[in-house]
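Peer 1: Chains Z, X and W supply the protein sequences, listed in that same order.
The working numbering puts the first residue of the first sequence at 1, with every later residue one more than the last.
The working numbering puts the first residue of the second sequence at 1001, with every later residue one more than the last.
The working numbering puts the first residue of the third sequence at 2001, with every later residue one more than the last.
Simulated from the structure, these hints should not be mistaken for lab results.
The structure presented is a predicted model; accordingly, all values stated were derived computationally and were not measured.
There's no promise every hint is true.
Simulated pairs of lysine to aspartate or glutamate, DMTMM-like, Cα-Cα distance not exceeding 20 Å [to be verified]:
no. : chain 1 : residue 1 : chain 2 : residue 2
1   : W       : Lys2165   : Z       : Glu307
2   : W       : Lys2340   : Z       : Glu179
3   : W       : Lys2165   : X       : Asp1086
4   : Z       : Lys60     : W       : Glu2305
5   : W       : Lys2206   : X       : Asp1149
6   : W       : Lys2230   : X       : Glu1202
Sample of chain W residues with no beta-carbon within 12 Å of chain X, all distances over it, derived [said to hold, decoys possible]:
no. : residue
7   : Met2001
8   : Pro2019
9   : Leu2032
10  : Asp2034
11  : Val2063
12  : Glu2090
13  : Ala2157
14  : Phe2183
15  : Ser2186
16  : Gln2200
17  : Glu2343
Cβ atoms here follow ideal geometry from the backbone N, Cα and C, with glycine treated the same way.
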Amino acid sequence: MLLNALCNWHKPMRLLPRLFFLRAIVALLTIAFTVRSSPAQSAGEIPPEWGEVLRSLAHKIAAGAKPAKTFSLDVRNLSSLNEGEVDGIRQMLVADLSSLGLKIRMAPADAQLQVTLSESAHDYVWVAEIRRGETSDVVMVSAERGAMKKSSAKRPSLTLQRKLIWEQEARILDFGLLEAAAEGASILVILEPDTIAFYDYRAGEWQLNRGIDIGHERPVQRDVRGRIDLQAGKAELPGSECAGNFQRPETVTCIRTPATKSAALAGVRGENAEDRAMVAPACGVHDPVLISGPGDWTEPDFIQMYEGSRQRGAVSQQIQFAGPVLALWASEDGKTARVVSRNLKTGAYEASIVSVSCGD
Amino acid sequence: MTFRSKLFVNFMLALLVSVALVAAGVTIVTRRAFAELNREHMDALVAQFHKEFERRGHDVLNRVQGIADAEPTVRMAIDLSRPNADISVYVNDARGVAQSHQLDFLDFVGTDGSIISSAEWSARFGYKMEWVTQKEDWASRGSFLMKLDTQDGPALALMAVATVRVGDKDLYVVGGERLGKEFLASLVLPSNMRALLYLHLEPAFQPVNLIDSAGPVTEAERFEPIIERERSHPSEQTAKIDWTFDAASSEIFHLIPLLGRQNELLGVLLIGNSLRTVVTLERHILWLAIGVAAMGLLFGLMLSWWGAARVTLPVRKLAAGAREVSDGNWNTRVAVRGHDEIGQLAQSFNRMTQQLVDQRERLIQAERVAAWREVARRLAHELKNPLFPLQTTVENLQRASAQNPDQFEEVFRESTGILLAEIENLKIIVGRFSDFAKMPQPELGPVDLNEVIRNVVKLFEAQFGAVGRPPITPELHLKENLPTIQADTTLLHRVIENLILNAMDAMPAGGILMMRTTQENGNVDFEISDTGTGLTHEEAERIFTPYYTTKQHGTGLGLAIVQAIVADHSGRISVESETGVGTAFHVELPIKPPNHPATPVTVSEEEKKEEA
Amino acid sequence: MEIGATIKSLDPSVAAASPQEADAKTELDALLYDHRGEDGAFAGTAGSGAFRVSEWEAGKRAVLAANEDYRQGRPFVDAIEIQMGRSAHERVVDLELNKTDFVQIPAEQARQAADRGVRVSASQPDELLALVFVRSRAATGDARVREAIARCIDRAAIVNFILQKEGEPAGGLLPQWSSGTAFLFSLDTDAHGAKEIRPQIPASTKFVLGYDSADTLEQSVAERIAVNAKEAGISLASRAMPTPGTKRANANDSKPEPEIHVDARLIHLRMPSPHPRISLTAFINRLGSLAGIADSPLPESASPEDIYYSERSIINSGLVVPLVWLPQVVGLSAQVRDWKRPEAGQSWPLADVWLDSAADAR
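Same shape as in the complex, but just chain Z (with noise of 0.2 Å):
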């Protein structure tokens, strides 16, 4: 059953038979994300192997730095440490230092002391560069990964996948899902540039519960953006916001609100800009960005993973949408992405959602 509800996952969700695959999904992807999330390094234990290795680079430190007594320290990470590992690495390396005599300060100093923590295919290596006016010398020593074994080059390729959930032919700026407090329900959010509409999902399919009219002191610009805060229990248009319980659509109001309020959703006037939305590291990837094509509304779009930013290379496939990409924003969780899109062919606005899994 759950291998179905895979091979028909892009399918729209209003033609899913039963809610339970929506919710085996999710909590699929929650679990895939817990599995293959970070390894259960707390931040500041160090392994006792790599004591020895510190203590060895800290020796080479002090017999290559000679005759200068003080170093200025920069340490700077480039392997899959995390932060607690490196301040672990930093703070036992300057007392392996120091117990050489060595001193750590501020500049002006003898010499200036860069660190990097780097790793190569199957160790990681850990450089010192000792800098003393022109000329700079460099040492380093590695260290087995071990059990850990974490490895840019092995790590885990990334695969998008996407899910469409809702599509009409009315402007969807931003959607959202909400499990109901009751069992068995789900609600649907669509936020439109006129309308907040709530939707049960009864009878095998999303049944309008209430919509409720947004209004505007004056016409909404034509690139309006609208954001659904589904943990706030809000809604927010450009000069307007909703908000209320949202698993009770009957108390959510709309007032009017100062534009500038609203300036992070002003957008860019008739044009296209990159969308992105940071989401949680996800497969060795530390600093995932989900970021959308280049091309204008008149276009068919993708949204792709990136490290960082574009610059940085893609960690993913390409996922392909067939129009433009109007809206992306990270769910509340991290893991996910909503994406608002419009078929060019139908000239429907979709509603999707973007997951993140590892492996292709």
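Since the structure of chain Z is provided, determine the placement of chains X and W on it from the hints.
Peer 2: Just chains X and W now, kept in the frame of chain Z:
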């Protein structure tokens, strides 16, 4: 030179001058016409170039503007106007756009002058093209020439710039066409003209930068002086290059400077006009003119000769007639038809000769009559002398017989003696007349005149120094190697005798008798002169008339005989005399007498002076 | 499947005519042989791998059938039909038209293909494009010349513009993910420094940088380096060299091909293994004949430091100038499933993929 020859020469001269003037005129006119034609061609070509250049410039501008106005470019500009725009997306765009718009150069340049995409040199992305961002209204600038750096070195191009403005940012579209041999190939040129382009890409003259539609020009070094001149003073000017010593190899070039945006010289267009056709044509015309002139001259020669002959024929006939007349053949008629002046002259001539003949006949008749009268008078005179004594003697006889019969025998003996003497005289006189009447025809043969003279002089040597008379000194000036003449020795002997006798008679007081022989104009001249009493003019006029004499004695036939003999030898005799000085007789004898011996011409002193 | 190079023979004793053919041959060998050592060498017999050759047209086409008895399990696909020698553009078009499932795409065209909607998968950068000074050339025998040229090269522009960000600038002979010390090699462009060295070089000296005439990336890079050098006042011209093994235009032409002399050339060095020692050793062997680089072989126990210093000595000699790291980029049809990006030294995982015939081609 004969009249015919003079006329012919004049005709020929006139013809020659005319032909030469015509040929020169034709050549000059032709040359000027060709030069004018060349100028017109050149001007047309220069105008064509300017027009083509302008058209190309407009075309380039339109294409560049078209690219700037195209949607992809506008979208590029919009995209690049955003902060942190990714320009790397467009790095390869220029090449395809340039190809589709058939531009050799196309660069998309950002608002800061950085090259976003370059068609011709794609690797130049990121580098600055700062001149594009200079404050200039590119829209009104139009197209312009520019020196570009390309992968293969500097090049000349016709460029245009269009601007796409988005907000406060500009996207520059810089495009153009290479100016090179393809441009030259597009110019439509007559066959004797060519277009060259010098690309002024380097400070010094580079022969390899001078190109035509096929590529670098051969012997480009020859253009260095005119290119240098153009570089120092950029302006439209003309120059000539003589490729060889042959004028046909010369070529006239019209130089057009190609200036860039800041009026710097970027190139020189040379439009060359070969003079080969013109010179060849001129030469053809010249040779044709020469040929025509030669043929004309030849034709004129023949025509002139015929014309002169035809024109001068009546004149020649007249001249021939006059010569005949002068030769004594007065019965000459000139057959000239026509009513022009020559015809009239001929008629007058014929009338004149007829009159001369008539007058001569009358004169001859009169002379005959006069001669007969003279002969009769002379005969009467000569005969009268002996006849009177005869008569007296007979009368004496009659008287004696009648009156003194006893003295009749003595008177008879005396009278018969006188009668016989006078009868002998009569016989001598009759004999002389008979001799004169029946002068023998000369028997011609080669005669050495000098020898005859010496022989005759020898005969008279005794007489020259005879006792009882003043001496006569003979002086002989005989030309050596005098050619022999066809003559009768005996008759010549007689001539010389008579002349010597005559001279001796003229020098009763003695003197010098000079004899000279010369040769001149095919004649042998014999002169005999004395230092005697001389003759008056009237005497000289009549000296050769028979029976005319200035002496007391003599028959007066001696010089007439001399004249007759000279005439029989086809010669002529003349006399010069001065009273108290002397007399000289000149005898001219032809070395080879003509077939028809003519009446000897007696030339008087006046005629001799006139001839002299 | 479509690959750019033509493979004349799969016989291991027959040397490949070009590096491209060698790489393509390696990929096929990986499908035909069961075992590949850490040094990249294949062991066993052909056909012991996941596939066996069922049809072969040298240089044109091959069909590999699934090996039913493959030790690691029969591949999911029944056969792989290979078309050789099609151009990059043709390959992408075939993919878009669904005529093929898998194509090689040059790294510099990956972005363009992706923008057109092609499903693209790029490996980690494991192929080094480097500039190598030819050892027999006097012009570049002077270390100052090599330094000047090296200083003026703008790697960032090559990566960002020519490669369209599908690659990484390379300062060393090994990538960061392999050696961990690549960051120690400078990537900076020092055009000013190059200009300062320039007066020490004879003014009339002109250099020639050769590139493979069939490689558009090399051509673009060579031209860019020429532009960089020109800005530094160095006269450097790029010149196309015939791809090794290509036929003459006229086979009957007995005239010998004119020899092209270059002072430096661009070469591709593909990592045979993710292990830095193995790859560096392979690189040194390759560079030895070209640039005259002679270095002691690295022992198996060589540490990262040893590897770094070996690498550093080669870089310091100035005979090799690393330029960029290139990924292996492939285009996949929508039907291809379970495609895993191979690591350096690993071949295409064609034995593991399967085709979803129901997938939309979009």
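Peer 1: Hint by hint, say whether it matches the structure.
Peer 2: These are the hints, each one checked on the structure:
Between Lys2165(W) and Glu307(Z) the CA atoms are separated by roughly 13 Å; this keeps the pair inside 20 Å, and the hint holds. Using a Cα cut-off of 20 Å, the hinted pair Lys2340(W) and Glu179(Z) is violated, with the two alpha carbons roughly 35 Å apart. The straight-line distance between the Cα atoms of Lys2165(W) and Asp1086(X) is roughly 10 Å, inside the 20 Å bound, and the hint therefore holds. A threshold of 20 Å between alpha carbons decides the hint, and for Lys60(Z) with Glu2305(W) the separation of about 12 Å falls inside it, so the pair holds.
With a C-alpha separation of about 17 Å, the suggested pair Lys2206(W) and Asp1149(X) falls inside the 20 Å cut-off, and the hint holds. This hinted pair checks out: Lys2230(W) and Glu1202(X) have alpha carbons roughly 17 Å apart, not beyond 20 Å. Its beta-carbon lying about 27 Å from the closest one in chain X, Met2001(W) satisfies the requirement of being farther than 12 Å from that chain. With a closest Cβ-Cβ approach of about 23 Å to chain X, Pro2019(W) is found to remain outside the 12 Å limit, as its non-interface label requires.
For Leu2032(W), the shortest C-beta to C-beta distance to chain X comes to about 37 Å, beyond the 12 Å cut-off, and the non-interface label holds. With a minimum CB-CB distance of about 43 Å to chain X, Asp2034(W) clears the 12 Å threshold, and the non-interface call stands. For Val2063(W), the non-interface assignment is confirmed: its Cβ lies about 36 Å from the closest Cβ of chain X, beyond the 12 Å cut-off. Its beta-carbon lying about 17 Å from the closest one in chain X, Glu2090(W) satisfies the requirement of being farther than 12 Å from that chain.
Separation of Ala2157(W) from chain X is inadequate, the least Cβ-Cβ distance of about 5 Å not exceeding the 12 Å criterion. For Phe2183(W), the non-interface assignment is confirmed: its Cβ lies about 23 Å from the closest Cβ of chain X, beyond the 12 Å cut-off. Residue placement check: Ser2186(W) keeps its beta carbon more than 12 Å from all beta carbons of chain X (closest about 20 Å). Interface exclusion of Gln2200(W) from chain X stands, the closest Cβ pair being 25 Å apart, more than 12 Å.
No beta-carbon of chain X is positioned within 12 Å of the beta-carbon of Glu2343(W); the least distance is around 27 Å.
Consistency with the previously given hints fails for numbers 2, 13, ordered from lowest to highest.
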